[in-house]
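If you read the sequences in order, they're chains A and B.
Residues in the first sequence are numbered from 5 upward in steps of one, following my numbering.
Residues in the second sequence are numbered from 8 upward in steps of one, following my numbering.
Hint data in this document are derived by calculation from the structure and do not stem from the laboratory.
Among these hints, one or two may not hold up.
Unchecked claim - Capping the alpha-carbon separation at 25 Å, the derived lysine to any residue pairs in SDA-like fashion look like this:
1) B:Lys48 x A:Gln6
2) A:Lys53 x B:Gly68
3) A:Lys73 x A:Leu60
4) A:Lys53 x B:Tyr111
5) A:Lys26 x B:Gln45
6) A:Lys53 x B:Phe35
7) A:Lys105 x B:Phe46
Since the structure is predicted, the reported quantities are computational estimates derived from the model, not experimental observations.
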Amino acid sequence: AQSVAQPEDQVNVAEGNPLTVKCTYSVSGNPYLFWYVQYPNRGLQFLLKYITGDNLVKGSYGFEAEFNKSQTSFHLKKPSALVSDSALYFCAVSPAGGYQKVTFGTGTKLQVIP
Amino acid sequence: GAVVSQHPSWVICKSGTSVKIECRSLDFQATTMFWYRQFPKQSLMLMATSNEGSKATYEQGVEKDKFLINHASLTLSTLTVTSAHPEDSSFYICSARDADGASYEQYFGPGTRLTVT
Chain A
5 AQSVAQPEDQ VNVAEGNPLT VKCTYSVSGN PYLFWYVQYP NRGLQFLLKY
55 ITGDNLVKGS YGFEAEFNKS QTSFHLKKPS ALVSDSALYF CAVSPAGGYQ
105 KVTFGTGTKL QVIP
Chain B
8 GAVVSQHPSW VICKSGTSVK IECRSLDFQA TTMFWYRQFP KQSLMLMATS
58 NEGSKATYEQ GVEKDKFLIN HASLTLSTLT VTSAHPEDSS FYICSARDAD
108 GASYEQYFGP GTRLTVT
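Sequences and hints are given; from them, build the entire structure.
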């Protein structure tokens, strides 16, 4: 069975500092990996995805993530955090090859401190 | 593009009544839609996969007779919570995949907050 681990319930970072939100996954075969962001009482917004190709993926709002196959990780990063980045972030995985079930992590709350 | 709407955004109902939640893809066709349930401070739990023109596929532990799903068209799926009870109170979120696109991400609706009193 596939799974996603987001080891940190909350990450606090000062505005202007780089941020990292961690994600590791387990899946049979190659993965499709996703990051989504959720603001309070809202649905999820797509940030970025890794399907194939370059391990470094760039997404919306200046976020990027690096696929590391050996470490089965897909950490979300941003060089300079904004207060408006404060939200709940979900990592998700599905097996590669077509439309298959996506499994979400438990989410990490990012708090950017002014 | 790729906008998904949900209606209503919030609803309060009495125990024993039924509630219908609509999920619409506004600018694309979605052969597959997904229904999730999210408890406070928890992840999304996939309830069922809704396929246009066929029966929904429910996840283990989800009562199909309680959570009725209908995917009547390529742009509309509905979730009906029948005989709702307070324990059904939750945040329900739908998502959709673009039938024509090559992308694999899901497009999420804004969610529906259900409170059963």
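Now for the hints, and whether the structure bears them out:
Straight-line distance between C-alpha atoms of B:Lys48 and A:Gln6 comes to about 21 Å, which keeps the hinted pair within the 25 Å bound. Among the hinted pairs, A:Lys53 with B:Gly68 is inconsistent with the structure: their alpha-carbon atoms are about 29 Å apart, more than 25 Å. A distance of roughly 12 Å separates the Cα atoms of A:Lys73 and A:Leu60; the hinted pair therefore holds under the 25 Å criterion. Only pairs whose Cα atoms come within 25 Å are accepted, and A:Lys53 paired with B:Tyr111 is accepted, the gap being roughly 8 Å.
In summary, the hint linking A:Lys26 to B:Gln45 is supported, as the alpha carbons are separated by about 21 Å, within the 25 Å threshold. With a C-alpha separation of about 20 Å, the suggested pairing of A:Lys53 with B:Phe35 holds against the 25 Å cut-off. Proposed proximity of A:Lys105 and B:Phe46 is supported: the alpha carbons are some 20 Å apart, at most 25 Å.
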